[in-house]
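**Q** Chain E is fixed; fit chain F onto it per the hints.
Listed in order, the protein sequences are those of chains E and F. According to the working numbering, the residues represented by the first sequence are 28 to 150, in order. According to the working numbering, the residues represented by the second sequence are 84 to 845, in order.
Calculated directly from the structure, the hints in this document are not laboratory data. Don't take every hint at face value.
One side only, chain F facing chain E, incomplete, derived with CB under 10 Å [said to hold, decoys possible]:
#: 1; residue: T100
#: 2; residue: L108
#: 3; residue: V152
Derived contacts from chain E toward chain F, CB cut-off under 7 Å, selection only [as the list claims (entries may be wrong)]:
#: 4; residue: K39
#: 5; residue: M86
#: 6; residue: A97
#: 7; residue: S100
#: 8; residue: S103
#: 9; residue: P105
#: 10; residue: T127
Quick reminder that beta carbons are idealized off the backbone N, C-alpha and C, glycines included.
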Amino acid sequence: MGKRVLTVDDSKTMRDMVRFTLSGAGFEVVEAEDGVKALSLLDGTRVDLIITDINMPNMDGVTLVKRVRAGTSHRSIPILILTTEGGDQKKAEGRAAGATGWIVKPFAPDKLLQVVNKVCPAG
Amino acid sequence: MSSDRPDTDEFAQFRQTFFEECAELLAALDEHLTDLQERAADTEELNAIFRAVHSIKAGAGAFNFTRLVAFSHTYEALLDALRDGRVHQGEVITSALVRAADVLASLVEAAQEKRELAADFGVAEEEELRALLTEAGLVGKVEGAGKETSPADAATVQADAAAAPAEASARYSIRFAPHPELFRHANEPLLLIRELMRLGTVTLTCDTARLPSLATIEPEDAYLAWNIEIETASPLAELHEVFEFVDEDCDLVIAALEPGCETGAADADAAAEPPAPSIGADDEAASPPDDRPAPQGSVPRGSVPQAPASQALASSEPAQAEAGPAASSQKSAGVTSIRVELARVDRLVNVVGELIIAQSMLVQQPPSEGSDMPPLAATQGFDEIATLTRELQECVMAIRMQPVKSVFARMPRMVRDISARLGKKVRLVTAGEQTEVDKTVIEELADPLTHMIRNAVDHGIEPPDVRKANGKPELGTIRLAASHAGGNILIEVTDDGAGISREKLLAKAVEKRIVSPEAKLSEDEIDDLIFAPGFSTAATVSDVSGRGVGMDVVRRNIINLGGRISMRSKAGKGTRFTLSIPLTLAVLDGMLVAVGREKYILPLTSIVESFKPEQAHVRALTGGGEVVFIRGEYIRLIHLSRIFGVREAVPEAWNGLVVLVESANNSKIGIVVDELIGQQQVVIKSLHDNFEPIPGISGATILGDGRVSLILDVEQLRRMPDRSAGMPQVPVPTSAPTPVLARAGDAHPSHPEPEAPMAALA
Numbered sequence: 028m029g030k031r032v033l034t035v036d037d038s039k040t041m042r043d044m045v046r047f048t049l050s051g052a053g054f055e056v057v058e059a060e061d062g063v064k065a066l067s068l069l070d071g072t073r074v075d076l077i078i079t080d081i082n083m084p085n086m087d088g089v090t091l092v093k094r095v096r097a098g099t100s101h102r103s104i105p106i107l108i109l110t111t112e113g114g115d116q117k118k119a120e121g122r123a124a125g126a127t128g129w130i131v132k133p134f135a136p137d138k139l140l141q142v143v144n145k146v147c148p149a150g
Numbered sequence: 084m085s086s087d088r089p090d091t092d093e094f095a096q097f098r099q100t101f102f103e104e105c106a107e108l109l110a111a112l113d114e115h116l117t118d119l120q121e122r123a124a125d126t127e128e129l130n131a132i133f134r135a136v137h138s139i140k141a142g143a144g145a146f147n148f149t150r151l152v153a154f155s156h157t158y159e160a161l162l163d164a165l166r167d168g169r170v171h172q173g174e175v176i177t178s179a180l181v182r183a184a185d186v187l188a189s190l191v192e193a194a195q196e197k198r199e200l201a202a203d204f205g206v207a208e209e210e211e212l213r214a215l216l217t218e219a220g221l222v223g224k225v226e227g228a229g230k231e232t233s234p235a236d237a238a239t240v241q242a243d244a245a246a247a248p249a250e251a252s253a254r255y256s257i258r259f260a261p262h263p264e265l266f267r268h269a270n271e272p273l274l275l276i277r278e279l280m281r282l283g284t285v286t287l288t289c290d291t292a293r294l295p296s297l298a299t300i301e302p303e304d305a306y307l308a309w310n311i312e313i314e315t316a317s318p319l320a321e322l323h324e325v326f327e328f329v330d331e332d333c334d335l336v337i338a339a340l341e342p343g344c345e346t347g348a349a350d351a352d353a354a355a356e357p358p359a360p361s362i363g364a365d366d367e368a369a370s371p372p373d374d375r376p377a378p379q380g381s382v383p384r385g386s387v388p389q390a391p392a393s394q395a396l397a398s399s400e401p402a403q404a405e406a407g408p409a410a411s412s413q414k415s416a417g418v419t420s421i422r423v424e425l426a427r428v429d430r431l432v433n434v435v436g437e438l439i440i441a442q443s444m445l446v447q448q449p450p451s452e453g454s455d456m457p458p459l460a461a462t463q464g465f466d467e468i469a470t471l472t473r474e475l476q477e478c479v480m481a482i483r484m485q486p487v488k489s490v491f492a493r494m495p496r497m498v499r500d501i502s503a504r505l506g507k508k509v510r511l512v513t514a515g516e517q518t519e520v521d522k523t524v525i526e527e528l529a530d531p532l533t534h535m536i537r538n539a540v541d542h543g544i545e546p547p548d549v550r551k552a553n554g555k556p557e558l559g560t561i562r563l564a565a566s567h568a569g570g571n572i573l574i575e576v577t578d579d580g581a582g583i584s585r586e587k588l589l590a591k592a593v594e595k596r597i598v599s600p601e602a603k604l605s606e607d608e609i610d611d612l613i614f615a616p617g618f619s620t621a622a623t624v625s626d627v628s629g630r631g632v633g634m635d636v637v638r639r640n641i642i643n644l645g646g647r648i649s650m651r652s653k654a655g656k657g658t659r660f661t662l663s664i665p666l667t668l669a670v671l672d673g674m675l676v677a678v679g680r681e682k683y684i685l686p687l688t689s690i691v692e693s694f695k696p697e698q699a700h701v702r703a704l705t706g707g708g709e710v711v712f713i714r715g716e717y718i719r720l721i722h723l724s725r726i727f728g729v730r731e732a733v734p735e736a737w738n739g740l741v742v743l744v745e746s747a748n749n750s751k752i753g754i755v756v757d758e759l760i761g762q763q764q765v766v767i768k769s770l771h772d773n774f775e776p777i778p779g780i781s782g783a784t785i786l787g788d789g790r791v792s793l794i795l796d797v798e799q800l801r802r803m804p805d806r807s808a809g810m811p812q813v814p815v816p817t818s819a820p821t822p823v824l825a826r827a828g829d830a831h832p833s834h835p836e837p838e839a840p841m842a843a844l845a
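Next up, chain E with everything else stripped away, as it sits in the complex (with noise of 0.2 Å):
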């Protein structure tokens, strides 16, 4: 079975091209547009590898990775945090709220697999 992976932004623009890069390389990618829309969807559904942006209304990512790690269907699973704010506040509000890693906005297709290979490989 193929991995499953989350996506969680307001952008369409930007789970378009998460949808993209990673379904062309062997992903089926489901997509959220906030933090509470991620958690009622991984409320039953499984899923391998969740990317999500910080900034969102509603909820935004640094509390969707606290509450994925509080929770117990998917605490484990590696959770990818989208953010152009390279800045390492945002980083590190990520990795303390339990995130394993990041990707930088704007990232080549190339770049998000290589990210993405590292935590949670196709197959």
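**A** Chain F in isolation, oriented as in the chain E frame:
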């Protein structure tokens, strides 16, 4: 410098999405900034503003719109400071933010149109933002943030440098000892080691010294460590990058073993070797515990399925340079798309599902024997299909429906700008923003509404001192409201300004020779003078609205949408414009009329009444033409049979029927037809792709029997002289409709026609 160019061909396909998203984000930004001008924003609002700019920046980065990225970056820095409370809200900041939003919108537009802006465009605004940050003592912070992309850039430079002299390889020893909690962040040492293997030839040993006894093992902790030797052409930074996610969760030592070039040739040889068994998960456990280098796989670079990142980067770049522009220009050629709520699509799918069920029910009907009556179930089936078809139509229409909010949202900004320029105090109140209308209509609404609201601020609302002197509040109000009325959307633009007296209107029209001084006009007709071409009530042409386009253009726009516009005004009290526009341009409620053997469609909205005139009431005019006398009024008669050259039609009005229609400016004409066939909703098929504009015809439709019927344009008919009138002729089609019909009929009904059919007659 070649930057890390993520704008590959692969991503070019998302440009359209990006720009659509930008439009939404800019509208949201504008809306929030408008609120911000009126009152201090709360954290959630500031966050929303920040997100809008942030998302634009992120997308722009992906497509390499460097100017857009740079500007939004500075913009974002100020917004970030604002939401953190490091900079305080205030009028100065707000107006800088508003100006910056303008620049942002222009940069987005320029990027979309692939237009180069002047080098200094937006520089002043960016400086202003910077100045505000400096003022708050945050300039260092901005610069820090400005370098936020630089680590990536630096890495790229290194990658580029590495890509060029790819032959030079070096050997490193790596000690990788994860802390027990490494797994908490879901990192996986094995994957990191695999990642290393992509970069070069790896030999490794596993250090199990820390492994406790089974009884005391913590299943979620990390105990293993690795000693790795790697021979790679990649720079040291790339080795560190492999471990960047676990940096704080491990002890990591990377040391160069011996300087410089080993053998470039050996590398090539290695690539030619058959792939050695790779080190997988199983090997990890099987790694011998002692320090002696075991017969581990010496993994040649070539065996890794993906090319090393540096190679991929090097090879993909020239290709981008060539294919990029061509591919993207192809993509941007007039693609329009629409974002639809998923629920609406679901509903559509449901209805189609039910339709299929109903259809299969019908198919399974046993043929009724010996009876002419269809079985009951079949009748029910047909009823069902009729209902579902109607529902299906509604569903499909609903997909094109969008709230007018997107147009309304542009107005507050304009009101603010213009009133500031004119020194007036004006507030805009909007209502019914969620009222939905066809997307095409929305797009066409923007211009007329902009024009009317601009007029209202410029000519309607008085300067504050005048208002005060007249006992009105200094703050003028413009109300923009939308609502549904039947199959139409009703939009009202009301201002509480100076208004226009009928006397003034009439005097002006006489002065402009639009009407003769002797003309006796009804009140409605006087009000309508404002829509007459060449009419402008402004005493002086201002730089705001006096640009030579008047309300006649507005009316033309509205008519092209199949709608009507009217005006009511009271001197000293204000003015109200009312627009009524069909919800969709794709279907029309029509009245099917017969003339000879031809059938025409009259838009139902224009019909006032129909009647059979008495012969005595029909008078021929001396110059030609005919009028009918009804309820004290003489109405001009137009014989469709004469205009379109239809033979075998009823020649005398009193033997046929007169359909009284009202055109957009409320002037009435009587259209003489043989008979009314019935009311019918018709699907409009555009003619303008295949035919020259035909006066009096706005489009065509296909009737139930498969015949083509032309849709009449009442406004144009009104302006056409009757053929029998012996007056100078407007060019009408020299051939009668019959050949036209034959050609139009060629088009297979199932071929969808382009939209905006009414526009053909502009």
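**Q** Check the structure against each numbered hint from earlier and tell me which ones fail, lowest number first.
**A** 5, 6 and 7
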